[in-house]
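Engineer: Residue numbers (my numbering), protein chains in the order written: chain A, 1 to 149; chain B, 1 to 179.
These aren't lab readings, by the way, just hints derived from the structure by calculation. Among the clues, some could well be false.
Capping the alpha-carbon separation at 27 Å, the derived lysine-lysine pairs in DSSO-like fashion look like this [what the hints assert, rightly or not]: (1) B:38 with B:101; (2) B:23 with B:38; (3) A:80 with A:30; (4) A:30 with B:101; (5) B:61 with B:38; (6) B:38 with A:80.
Far from chain B by the CB rule (all over 10 Å, computed), these chain A residues [what the hints assert, rightly or not]: (7) 90; (8) 100; (9) 134; (10) 137.
Model, not experiment: these values are computed from the prediction. Ideal placement from N, C-alpha and C gives every residue a C-beta, glycine not left out.
Residues per chain are reported as follows:
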Amino acid sequence: MKRLRTVVAVGVMLAALGAGEAVWAVDTTKLPDPALQERYSVLTHELRCMQCQNESLADSPVDLAADLRREVRDQLLAGKSDDDVRAWMAARYGDFILFRPRYSWRNAWLWGAPGALLLLGALVAWRIVRQRSTLLATDYEPIEEDGHS
Amino acid sequence: MNRFLLPLGVFVLLAAVLAIGIKHSPDKGIIASPLLGKPAPQFALPNLTDPAHVVRSSDLKGRWYLFNVWGTWCGECRAEHDMLLQVHQAAVVPLIGLDWKDDDAQALAWLQQLGNPYESVAADRAGRTAIDWGVYGAPETFLVNPQGVVVYKHVGALTYQTWTREILPRVSRTTPAGS
Chain A
1 MKRLRTVVAV GVMLAALGAG EAVWAVDTTK LPDPALQERY SVLTHELRCM
51 QCQNESLADS PVDLAADLRR EVRDQLLAGK SDDDVRAWMA ARYGDFILFR
101 PRYSWRNAWL WGAPGALLLL GALVAWRIVR QRSTLLATDY EPIEEDGHS
Chain B
1 MNRFLLPLGV FVLLAAVLAI GIKHSPDKGI IASPLLGKPA PQFALPNLTD
51 PAHVVRSSDL KGRWYLFNVW GTWCGECRAE HDMLLQVHQA AVVPLIGLDW
101 KDDDAQALAW LQQLGNPYES VAADRAGRTA IDWGVYGAPE TFLVNPQGVV
151 VYKHVGALTY QTWTREILPR VSRTTPAGS
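Between the sequences and the hints, there should be enough to build the whole structure, so can you do that?
Structural biologist: Written out as structure tokens, the structure reads:
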């Protein structure tokens, strides 16, 4: 009996959570096709709200974000590709609107930096290892073991 | 000596990267417009003060103009208005207004009450033109040259400093002396 009550209580709480989420949702746009809806959702989540700057279009309640979401919806319905929509947005608001930055010659060094740093690190590590091994090779003193002598 | 060279090099590189980052940080509130150096977006919108007519970007070709985005719902726009009246008085470059997502009656009342600095005001009721111009807040002001290219953008209320340091020099450089 007690167990049943717990199950019911947890169920009610979960239901309340779900209901809450629906109420909080800023964007309730529905597209006719689930595939389009999915693309719409991905796009609005990776485009920045320019007024709030650290929120995505999907999460922002401001007017401009609603206008830009409508723009995304209309362009998807008109058969534009995801890249078309991103390019359209970037042409007006700059790359800053894209949470997922595009590769360009201006930020190429950023994309290449991790590889270059890894290479640099490997070089330094290799030099240290080689130095130590030459030191060891010329070191004839017996190694003292702490606590065992 | 040699062993300090690498750390020093890394330090200089890091300092350079951070300096660039600080200088261009969007957190300073100003996001460089991709429109700079590009043709101004086309528009054809009803004239706020004369609904029978249309304000067309193509009619503005061949001369300088300041494109000022405002709305009666925008507090900074009221703060900016006196500066706009001064710009109008100076008669160096015409002001073209874009009344962004506004109520026509309220906008007309605003102009009547505070004075109208604009040569014409385009009513962008749906906000489509503002998006084409990459506007993300009002007020914003764009300087467009006679070839129809955007040469400067100011975000926020137009100040006397911006007017004298950024706008006037650009306009007078190409305008024949005395005109």
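Engineer: Would you mind marking each hint as holding or not holding in the structure?
Structural biologist: The hints, checked one at a time:
1. B:38 with B:101: holds, 25 Å
2. B:23 with B:38: With Cα atoms ~23 Å apart, residue 23 of chain B and residue 38 of chain B stay inside 27 Å; holds.
3. A:80 with A:30: holds, 17 Å
4. A:30 with B:101: holds, 24 Å
5. B:61 with B:38: holds, 14 Å
6. B:38 with A:80: holds, 24 Å
7. 90: violated, 7 Å
8. 100: The claim holds: residue 100 of chain A sits with its nearest Cβ about 16 Å from chain B, beyond 10 Å.
9. 134: Non-interface label stands for residue 134 of chain A: nearest chain B Cβ at 16 Å, farther than 10 Å.
10. 137: holds, 21 Å
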